[in-house]
Amino acid sequence: MIVTQDAPWVPADIDITVPSVARVYDYLLGGAHNFAADRALGEKIRAMEPTVFESARLVRSALTRMVRHMVGSGIRQFLDLGSGIPTVANVHEIAHSVDPGCRVVYVDIDPIAVAHSELLLMDTDHADVLRADVRDPDAVLGSPQVTAQLNLNEPVGLLFMMVLHYLGDTDDPVGVVRRYRDAVPRGSRLAITHLGHGLGAENKSELDDAMRSSGNRDQLHQRTRDEVLALFGDWRLERPGLVSAGGWRPDIPTDLSAFTALDRDLHAGLARKP
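Residue numbers (this note's numbering): 276 to 549.
There's no promise every hint is true.
Below are the DMTMM-like pairs computed for lysine to aspartate or glutamate, each with C-alpha atoms no more than 25 Å apart in a straight line [said to hold, decoys possible]: (1) Lys548 <-> Asp413; (2) Lys548 <-> Asp457; (3) Lys319 <-> Asp501; (4) Lys548 <-> Glu324; (5) Lys548 <-> Asp483; (6) Lys479 <-> Glu368; (7) Lys479 <-> Asp501; (8) Lys319 <-> Asp483; (9) Lys319 <-> Asp493.
It is worth saying that the hints were derived from the structure and are not from the lab. Only a predicted model underlies this, so the values are computations on that prediction, with no experimental measurement involved.
Using the sequences and the hints given, assemble the complete structure.
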């Protein structure tokens with residue numbers, strides 16, 4: 276059903292009966308920018324993986340620590356690819372809490388994610404949002420938003436947070452990420468979080484079926500640790516390497532043995548361009 280919404284963060288003629296990956300993730304994080312179809316799919320995921328809400332928060336916390344680490348390492352500009360719907364602790368908020376001069380460009384294909392980001396960034400000079408497909412690096416890197424906000428001759432923090440597992444092998448995720456890596460200079464950083472095989476084949480199949488039956492064409496592509504490592508190319512992983520999201524430089528000592536299989540297999544890593 277196509278409807279027109281009065282809320283300023285909902286573009287006209289959005290079919291809210293079809294769940295969106297960005298809005299489902301917003302629901303998992305406790306956000307308010309989602310609809311019944313998104314919540315229904317989120318609950319189907321919870322039925323398969325009861326700790327999925329906690330898993331989403333683990334990834335979000337890893338994002339916070341990664342951005343802080345990058346700012347502490349001298350990075351002052353960020354390209355957040357597949358940024359999703361702004362909830363709490365967005366990249367520009369994390370970065371600006373350390374240095375208000377940091378610049379950020381968010382990129383997402385979801386129209387509601389982009390519309391809500393535009394509202395959020397209305398009074399923010401050093402951040403912008405672009406509606407684009409991350410699989411088209413040339414369009415992203417050549418966009419007015421990126422060219423106006425970012426100086427690609429200076430180190431950039433590239434972020435692919437929970438987005439690359441929506442790229443199938445035919446999308447050539449290694450090649451896509453390589454194109455972004457090649458566009459930035461030495462000293463740049465690359466942060467990736469990616470779903471491993473912790474979901475399990477049966478749950479993965481059920482989730483794919485649920486997404487297809489709801490009208491969503493996105494499919495998850497779980498990858499092994501070695502396959503995720505390949506996304507970093509020859510960039511040097513910073514300590515502690517490619518680990519679970521909850522184990523990436525936690526603020527307090529963390530008992531990784533208490534994590535579920537899904538949590539342990541949420542890969543997270545940050546690398547530096549040599």
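- prompt: Broken hints, numbered, in rising order?
  reply: 3, 4, 5 and 6
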